[in-house]
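Asks: With these hints in hand, go ahead and build the complete structure from the sequences.
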Amino acid sequence: MSTATTAGTRRGLALALGLLLATAGLLGGATQVRAETDPAGATAAALRVAPATLVEDRRTDIAPGLTLTSFRRLQPGGWVTGHVMDADLTTPSLSLDVTDGGEVSGSNATVEEFARNADAVAAINGDYFDMNASDAPIGTNVSPNEGLRTAGGGPRQAFTIRDGKAAVQSLMSGATVEAGGETSEIGSVNSPSFAGDSLAAFTPIWGTYPIGRLVGESEPVRIVMISGGRVSANTTDRGAIASGDAVPDDGAVLVGRGRAADRLAGLAVGTEAKLTIRASEDVDLAVGGSQRLLTDGRVTEDNEVTAARTAIGVNRDGTAIKVITVDGRSADAHGMTIQELARFMSDLGMWNAVNLDGGGSTTLVARPAGTDDLQVINRPSDGKQRADSNALVFRSAARGSSPTGRVLRPELEPAAGLPEPAAHGVLPGLSRTLIGTGLDANLAATPAGRSVIRARAGLVRVEDTERSGPYDRTVVRGNRPGTTTVIYGAGRDATSTDLRVFGDLQRIEASETLVPLGSAADTSAVRVTGIDADGNRVPVENRDIEVAASDGLTVERDGLAELVIGAREGAQSGTVTIAVRGKETTLGVTVGHDDREVADFADPADWKVGTARATGGLGSATGPEGGPALALDFDFTTSTATRGMYAVPVTPIELPGQPRSVSLWIKGTGKGEWPRLQVTRGDQTSTNLDGALIDWTGWRKVTFPVPAGTAYPLQLTAIRFMETRSNASYRDRLEIADLRAQVPQSIDLPEPAPVRDPAIISQGTVDDRPLRVAVISDAQFVARNPDSDLVQAARRTLREIVAAKPDFVIIAGDLVDEAAPEDIALARRVLEEELGDLDHVYVPGNHEIMGGSIDNFRAEFGDTATERVLQRTKIITLDSSTGNLHPGGSTDQLRMLEAGLADAERDPGITGVLVANHHPVDDPQPDAASQLGDRVEADALARTLADFTRRSGKQVAQLNGHVGIFDASALDGVTRMINGNSGKGPSGTPDAGGFTGWTMIGIDPGATGRTDWLRAETRARVDELALDAPATLARGETAEVKAVITQDGSRKVPVAWPVSATWGGTGVAVGSKPRNAVITIDPLTGRITAVRAGTATLTVTVNGATAQRQIRVG
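Here full-length UniProt numbering is used: the first residue of the sequence shown is 1, the next is one more, and so on.
Just to be clear, a hint being listed does not mean it is correct.
In silico DSS-like links for lysine-lysine, alpha-carbon gap of 30 Å or less [stated by the list, open to error]: (1) K608 x K671; (2) K1052 x K805; (3) K1052 x K984; (4) K805 x K608; (5) K583 x K608.
Derived CB-CB ranges, DEER-like [stated by the list, open to error]: (6) S661 x K608: 22 to 32 Å; (7) D302 x A44: 21 to 31 Å; (8) Q871 x T615: 51 to 61 Å; (9) V869 x A422: 27 to 37 Å; (10) D498 x T1106: 47 to 57 Å; (11) G41 x S661: 47 to 57 Å; (12) A612 x G570: 47 to 57 Å.
Hints were generated in silico from the structure; no laboratory data involved. C-beta: ideal position from N, C-alpha, C; glycine also.
Replies: What follows is the structure in C-alpha cells.
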C-alpha cells in the first residue's frame, strides 16, 4: 500500500497519519521456511493408488525443497494429466509470496508474467476473480511483502501461512473504521462484491476500475472519502466513484449500502478516521480459494463438474504442501470433479486442502533444474495462458557460487513434464544430442567444470561437445545394440543418463505423408522417425537427414529434429524426398485447394432411403441460405442395437480429385446422431469419413476429414446417421445441404514399400513349436438363422482347428453378430459341439454387446477378463467390447493386466506374455476405423507392453481381431497380430490380408528374440488352390510362379504374405542350392531359378490343401 506504511506487527497496532494499515502480514519480507525433505516418492506412490491405472510420471527438481512430479493416469472418470509440486516449508532458502499486477483491479497478467516480475522459480494461479469486469480477486489475499491486498465480503476458504506453518482456513475481512466515536466493521477490502447493508473499503491499491460499477446503478449508497487520516468528503453522489481515480493516494474510500450507509451519514468532513485494514485471522500469507477439499483428513461432500483444477494441500503439521494442477478439455485430461480432487489430495497424504481458481485460469510455471528460464508446465485449457488476478509464487534464495551438481538429458526430452522415452533411443549410425549443465545453489543452470563425456560399453561413440553459455551439447552416435550409460563429469561431480541402441535402421516415416499448404504464406513442420526390424521407433535428428524438394518448395531445418516445409509464391504441388542412411520416404506437398460442389440436393429423386434397424423417409427442405436441402425423417425407437438412417445416392457420386476433407451443412436437434459419409476407396474397399456427434440445434457446417494414405478416387455411396447408444431411443428429423469437397492439387506419390513383419510365416508352419494357440474371430452369426452360411463357416473353421490339435484356442471376439441371450446361447452350443473338451477362452468383442448387455455373455461364458499360464507363457485376455479397455469407467481389468505383467516379470518360470483382446491398438488400414477408440488408452497400453519387454527382457505380444484383415506388425519390440475374419467377409483387399480363415500362433517358451519366441501361421480358407508355373525353363533362367486361393465363392487370394504356405516338392530347394535340386524358389518373391537339368515337381500347401506343377529344365 502506498500510504501510511510504517513498521508494525501482525496484531493491528495503530500507525501514523491516522490511517491504520496494520496488514495481515509482516511488511518487511517474504515468508521464510526451513530444512528440506523429499516427498516426491510418496507422490509417485499415491498416483498409483487404486483404482488408478496406466500411470506415467516423471520427477523434476525445481529448487531446494521444491520438486515437481508430472503425471498422466486413467481413473474411473477418465484420463487425468496433471502435476504435483511438493514444497518443503522447512527449507530455509524457500519462500512463498502472493503477487499481483501492483493494483487489485484492471492489472491482470499471466502467471508467467507474475512469476518473472517476482523473480520466482515457480508459480501457480491464485484466487477466483471478477472476470471480464473489475478483474479483482474475490477472496482474501495477503502478501508477506505487501500486506493485505484484498479481503472478501464473506468467509471463504484460503491457503495461509503463519510463522512458517501452512494451513487452510476460512478468511474474510477483519477491517474496522473508528470515526465519530464509533467503530464499524468493514465487510470487505478492495473486493469486487460486498453484501447489502455492509461497508466496503477501497485503498490506493484498488486500481482504475470504477468503484461505482460494483453496485447497481439505481441503488443509493453513501460514499466517505478519507485522506490524511480524516474524512475529506461524505456524499451520496455516485459521481464521486464513477471514475477510475476515486481513491486518494493517502487514504481510502468507504462505500456503504443499506444500513451501513445510514451509519456513515453523520460523519462530518474533518472528522478523524482510523482504519484498521486486516484479515479476520492473523496470517503472514493468504491466497483465496473456494471449496474446502479436506478438513482434518475428511473428504468434502461438495462436488462439481469436471474441469481443469488448481489446489493446495497441507500436511498434518503444516510443514509441507502439495500444489496440484490438473489439465482439462483434452483427450488425455478430462479434468477432475471436486470429489475426485479431494480424494486425490487424501491419497497424497494431505490433512487439509483447498480448491483455488481453475478452468482456463489453471496455470503452473516453473524453472526446471538445469535451465535458466521459466516455462509453462501445464496445458492451459483455453489453449493459452489466461490473464489472472494474482499468483502464488515460490522463490529460492540459496547461497553459493560454485556448481553443486550436474544434470544431463537428451535435448529432445523437455526439461520438465511427462517422460519422452523415445528421446533416449537411437539406432546404429544415427545421432542423439545430449544437453548438460552445472547446477548452482538454487539448481539453475550454471557452467560446469571440465566437460567430460564418456559412454560405457562402447555401444555409442561420443563425437563432439560444444559449450554455449552454461550448456554443454554433446553429440553421440549409435554403434551397436544394447543399453549404455553416458556419464557427464567425473567422480562425485558426475551425473549420467541412459541411452538404448536398437537394431539397424529398416525404414523411416515422416509425421505427415501429405502436406497441404493453404497458400504460399503457410508452412508445416514435419518430424522423421527411424524404425528397426522390431518396430522400435526413435526420432531422427536433422544432421542425419538429407532432403530434396521439387522446384518452388522450401525445406528449412528448425532446431534439432523438425523440417519446416513451405512454398514460394506461385509454387505448384510437388514432393519432398527425405533420406536417412539410404532409406527414403516421399511426401506430397500441395499449395491451395478448391471447394468443389459434390451434391446440391435439388432433386430428392436422386436419393433413396437406407436404414439399419430403423424406419424412415426422405423429402425436400430449405437449406441454411434458402437453397435446396434434403430432409431425413426417421424412427430410432424400434431397437437398442446400432441403428442407422441413410441417404443413398441412386448412382454413387465420385468425389473430385484427392480431397482432404468433405463438408456438409446439417440442421440438427441435439439428439446426438453420428454423421458418417460412406465411401468406396480406389482399392474398391469401403470405409466411412466421420463427423462430430450432432449435439447442436440448427444449421452447422460439418467437416469430414479424409485420412492420410487413403486410396483415391473416392465414391460417395451413402450419407449415414448412426445411433450406437443402446439407451438412446427417439424419433428425429435432420436436414442436409450443400455437400462439398475440399480438394488440393492432385499429386501422385510412389507406393510405399509394404511392411511384411516376419512374425507371420511366409514359408512353413509352426507345427514344431512347443506351444500352439489357435485363433478364431469375427464370424458374426445370429441365432435367428442358426444354419446360415456364417454359422457353417464358423463350424468349418472350428473343425479345422480341432484337426490341427492346438494346445489352446482363443475366440478373439465377434463370434456372434448380436448379443441377445439366444445369440450367446447359440455361440456356446457351436463351441461345445465343435471344440468338445479342447481348452479354450472366449474374448468378447463389440458384437457380444450389440443390442444386449455384457451380462448375457457373462451368464454363458463367465469372466470377461482372464489369465492363465500354459508352458511358461502367461495368457491374459481383456474385454474391449465397448471399444475401450475401461468399460463403464472401470479400471479393474487394466489393473489386472498390470498386476499380471508385474507377476510375469518377477516369476522366473514365465518367459513371455500373450495379451488378447478384440480391438487392436492400431488399425493398419488407411482409415484406421477399427481400433481402440480411446487413443490415449491405446498409446498407454502400447507403452505398458513395451516397458514390460524392455525392463524384463521377456517377450510380450498382443493378439486381436475386429479389423477384417490378417496382419502382423511390431511396435517398440512388441509383436501385434491381427486375426482376420472367420465367417463374415473381409474388409480389405485379398493381397492385403483381406481373406477368411484363422491363425495358429506358435510359441517357443525357451527362445528370447521376438520372432524366435512367437511366429504365426495364417490358415486361409481354401475352396480351391491353383498353381501357375512355366512347364519348361532353361538352365539359369528365372521365372515367376503364382499360387491363388479361391474361397467363399469367387474371392481370389494370392499366396503371398500374409498368407502362410509351405513350398517344396521333388527336385526343389527352398531358398538354397543343394546339389540335387533342379530348381530353387524364394517364397518371399515367388521367383524360381533353374539350377540344373532335370524335372522338378513344385508343390505349395496352404491350410492342408496342396497344388503342384511339373517343371522341366533343359
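Asks: Take the hints in turn and mark each one as holding or not.
Replies: Verification of the supplied hints:
no.	hint	in the structure
1	K608 x K671	holds, 23 Å
2	K1052 x K805	holds, 28 Å
3	K1052 x K984	holds, 16 Å
4	K805 x K608	violated, 51 Å
5	K583 x K608	violated, 50 Å
6	S661 x K608: 22 to 32 Å	holds, 26 Å
7	D302 x A44: 21 to 31 Å	holds, 28 Å
8	Q871 x T615: 51 to 61 Å	holds, 54 Å
9	V869 x A422: 27 to 37 Å	holds, 32 Å
10	D498 x T1106: 47 to 57 Å	holds, 52 Å
11	G41 x S661: 47 to 57 Å	holds, 48 Å
12	A612 x G570: 47 to 57 Å	holds, 49 Å
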